[in-house]
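*Asks:* This is what each chain is made of:
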Amino acid sequence: MLVVERMRPLLGTFVTIRAQADASLTHEQREAAIGKAFRAIERVERLMSFHRSDSDIGRLNRAQPGSSLRVRRWTHVVLREALRLNEVSGGAFDCNVGGALVRAGLLPRLRANLARRGLPMRKAIALASGGRVTLKHRVSLDLGGIAKGFAVDQAVRVLRDHGVQGGLVNAGGDLRVFGPSPQAVWVRCPSAPDKQHLIGHLRNGAVATSASYFMPDAGRDGVIASAIVHPAHGRRLPLVGSVSVVAKSCMQADALTKIAALRRRVPTVLRQRTQARVIEL
Amino acid sequence: MRWEPFIAAPLVVITAPAWASVYLSVEQAQQVIFPGETLRKLPFSLTPAQRDALREHTGVHEPFNEDGVWQVAGGGVFIVDRVVGKHEQITYAVGINRDGTVKQVEIMEYRETYGSEVRNPAWRKQFVGKSAASPVRLNQDIANISGATLSSKHLTDGVRRVLAVFDMALKEQLGAGR
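So the sequence lines, in the order shown, correspond to chains A and B. Going letter by letter, the first sequence gives residues 7 to 287 in my numbering. Going letter by letter, the second sequence gives residues 722 to 899 in my numbering.
Check each hint, because a few of them may be wrong.
What the hints assert, rightly or not - Capping the alpha-carbon separation at 20 Å, the derived lysine to aspartate or glutamate pairs in EDC-like fashion look like this: (1) B:K762 <-> B:E725; (2) B:K874 <-> B:E777; (3) B:K892 <-> B:D773; (4) B:K762 <-> B:E893; (5) B:K824 <-> A:E51; (6) B:K824 <-> B:E725; (7) A:K129 <-> A:E87; (8) B:K874 <-> A:E48; (9) B:K824 <-> A:E286; (10) B:K824 <-> A:D200; (11) A:K254 <-> B:E758; (12) B:K874 <-> A:E286; (13) B:K874 <-> B:E725; (14) B:K807 <-> A:E87; (15) B:K824 <-> A:E48; (16) B:K824 <-> B:D773; (17) A:K201 <-> A:E286.
To be verified - Examples of chain A residues lying across from chain B (beta carbon under 8 Å, computed): (18) R14; (19) H239; (20) S250; (21) K254.
Unchecked claim - Across the chosen pairs, the derived CB separations fall in these ranges: (22) A:R49 <-> B:H778: 42 to 48 Å; (23) A:A38 <-> B:F727: 33 to 39 Å; (24) B:S766 <-> A:R86: 51 to 57 Å; (25) B:K807 <-> A:R49: 27 to 33 Å; (26) B:F727 <-> A:L243: 35 to 41 Å; (27) B:G821 <-> A:Q281: 44 to 50 Å; (28) B:P756 <-> A:L8: 17 to 23 Å; (29) B:P769 <-> A:G72: 56 to 62 Å; (30) A:R86 <-> B:D878: 35 to 41 Å; (31) A:R49 <-> B:S746: 26 to 32 Å; (32) A:R86 <-> B:E748: 55 to 61 Å; (33) B:R761 <-> A:V83: 44 to 50 Å; (34) A:P188 <-> B:K807: 31 to 37 Å.
Since the hints were made in silico from the structure, they are not lab data. Just so it is clear, CB atoms sit at the ideal spot from N, CA and C, and this is done for glycine as well.
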């Protein structure tokens, strides 16, 4: 079994891809598979970045209430999952919190007059057929809490489609392992992120973690807090430890860390659907 | 999905450096970014004025690696440079297309650092003589670390500086040589 590992700066962080394949794949085929997996992640960044005004999300954030925009299929998929999680979590998971993150200095201010508290995303937007999104109110969507996980899932799908038998995609801590053998999974110690705890062995699943230890020392609001915004009052959640979620897909794991951090638990219906486990350090 | 939690006590903990890995040698990075191309090392140096201008415009304080510039026969440039961030030291390669756009960025070596280790000679010494053939590895699971997202801003600044070097000094030199 040959193992190749590559790292590139994407999604504002470091993305590692490890591909294990036997001799049925040539060197060129393996490199091509890794290259295509990175391109899938680049595509997610292009479509869903808050920073780019020409991304699907950038266009939605500039659009007037009442308008209906067509977005790419991947964006539609992520928005659909985000809306479903918003509903099932009783509003704990909400992507319409871009305004609060801009005020905290964690996202760039791309337009004036941002509401501190956006409406719950399920009240602000609706999905229609044909890849359309209808805006009922102005929005400030940030898919930072879910799109990284989706990107990891897409990269894993590309690797498998190209004959890679096992490996890992890790986007700055949101990771998914695949292949026949269980892999050790480590989580950084919140009090000393240069140390890691072994939390278990995972086969064909994902882990994501939310924590504050790599946050800028203090936001513009003077608070050392996480990048998770409490949708009820628009303030950021202080997070001393770390919350990790193991789930089937990385999109689920990524999003569920926000719900677990805010609610201290994952709603039963979600836990059953995603096989989620919460690990707090 | 199959999850087997590790419940033995005490918890297994590995210590600094959190993550140190060699991904590509210079030759490997060249072949990954410019497959099949012939590259020629380009003698290159910046003038003091250019160095000052770079520092001012990009905010990167480490000197640019003037010994890491290659010209690609089919057009374009391959550059190896280094950045030191708050938590990381990175050697990376940038492929630049003939038109000055970024073709690809690949990380060649990545080391997480937390201040104290960098000043510790014993810690630094463990990397001496390491290459892609003898990767720096704590164990094989080193990439399987979940945690908060580490920003790649320093690297982004580094890539911006590489592009500024291209604009300021290389574009002309290559244009004149053609």
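*Asks:* Against this structure, judge whether each hint is valid.
*Replies:* Verification of the hints:
1. Restraint check for B:K762 and B:E725: not satisfied, since their Cα atoms lie roughly 51 Å apart, outside the 20 Å limit.
2. This hinted pair checks out: B:K874 and B:E777 have alpha carbons roughly 17 Å apart, not beyond 20 Å.
3. Taking the CA atoms of B:K892 and B:D773, the gap is about 19 Å. The hint holds against a cut of 20 Å.
4. Distance check on the hinted pair: B:K762 and B:E893 sit about 17 Å apart at the alpha-carbon level, within 20 Å; holds.
5. Proposed proximity of B:K824 and A:E51 is supported: the alpha carbons are some 17 Å apart, at most 20 Å.
6. With a C-alpha separation of about 41 Å, the suggested pairing of B:K824 with B:E725 is violated against the 20 Å cut-off.
7. Restraint check: the Cα-Cα separation between A:K129 and A:E87 comes to about 15 Å, which is no more than 20 Å; the hinted pair holds.
8. Between B:K874 and A:E48, the direct Cα distance comes to roughly 16 Å. Compliance with the 20 Å bound is thereby established for this hinted pair.
9. Restraint check: the Cα-Cα separation between B:K824 and A:E286 comes to about 41 Å, which exceeds 20 Å; the hinted pair is violated.
10. This hinted pair does not check out: B:K824 and A:D200 have alpha carbons roughly 33 Å apart, beyond 20 Å.
11. Between A:K254 and B:E758 the alpha-carbon distance is near 41 Å, which puts this suggested pair outside the 20 Å criterion.
12. Proximity of B:K874 to A:E286 is assessed by CA-CA distance (about 28 Å); at most 20 Å being required, the pair is judged violated.
13. Of the supplied pair hints, the one linking B:K874 and B:E725 is violated, its CA atoms being roughly 35 Å apart against a limit of 20 Å.
14. For the suggested pair B:K807 and A:E87, the alpha carbons sit about 35 Å apart, so the restraint of at most 20 Å is broken.
15. Pair hint B:K824 plus A:E48 holds up; C-alpha atoms about 13 Å apart against a cutoff of 20 Å.
16. The hinted pair formed by B:K824 and B:D773 fails the criterion: a straight-line CA distance of about 27 Å is larger than 20 Å.
17. The hinted pair formed by A:K201 and A:E286 meets the criterion: a straight-line CA distance of about 16 Å does not exceed 20 Å.
18. For A:R14, the interface hint holds, the least distance from its beta-carbon to any beta-carbon of chain B being 6 Å, beneath 8 Å.
19. For A:H239, the suggested interface contact is broken, since its CB lies about 23 Å from the closest CB of chain B, more than 8 Å.
20. Checking A:S250 against chain B: minimum C-beta separation of about 6 Å stays under 8 Å; hint holds.
21. The interface hint given for A:K254 holds, since its Cβ lies 5 Å from the closest Cβ of chain B, which is under the 8 Å cut-off.
22. Taken as a hint, the range 42 to 48 Å is violated for the pair A:R49 and B:H778, whose Cβ atoms sit roughly 31 Å apart.
23. For A:A38 and B:F727, the Cβ-Cβ distance of about 36 Å falls inside the hinted range of 33 to 39 Å, so the restraint holds.
24. Between B:S766 and A:R86 the C-beta distance comes to about 55 Å, which sits within the given range of 51 to 57 Å.
25. The hint said 27 to 33 Å for the Cβ distance between B:K807 and A:R49, and at roughly 30 Å that hint holds.
26. B:F727 and A:L243 have their C-beta atoms about 27 Å apart, which leaves the hinted 35 to 41 Å range violated.
27. Our hint of 44 to 50 Å for B:G821 and A:Q281 holds, since their Cβ atoms are close to 48 Å apart.
28. The beta-carbon spacing between B:P756 and A:L8, approximately 18 Å, falls within the hinted interval of 17 to 23 Å.
29. Between B:P769 and A:G72 the C-beta distance comes to about 58 Å, which sits within the given range of 56 to 62 Å.
30. Range check, A:R86 to B:D878: Cβ separation about 36 Å, and the 35 to 41 Å hint holds.
31. For the hinted restraint 26 to 32 Å between A:R49 and B:S746, the CB-CB distance of approximately 29 Å keeps it satisfied.
32. Taking the beta carbon of each, A:R86 and B:E748 are about 45 Å apart, not inside 55 to 61 Å as hinted.
33. Checking the proposed 44 to 50 Å range against B:R761 and A:V83 shows it holds: the Cβ atoms sit about 46 Å from each other.
34. The hinted range of 31 to 37 Å is satisfied by A:P188 and B:K807, whose Cβ atoms lie roughly 34 Å apart.
Hint compliance for this structure: hints 1, 6, 9, 10, 11, 12, 13, 14, 16, 19, 22, 26 and 32 are broken, all remaining hints hold.
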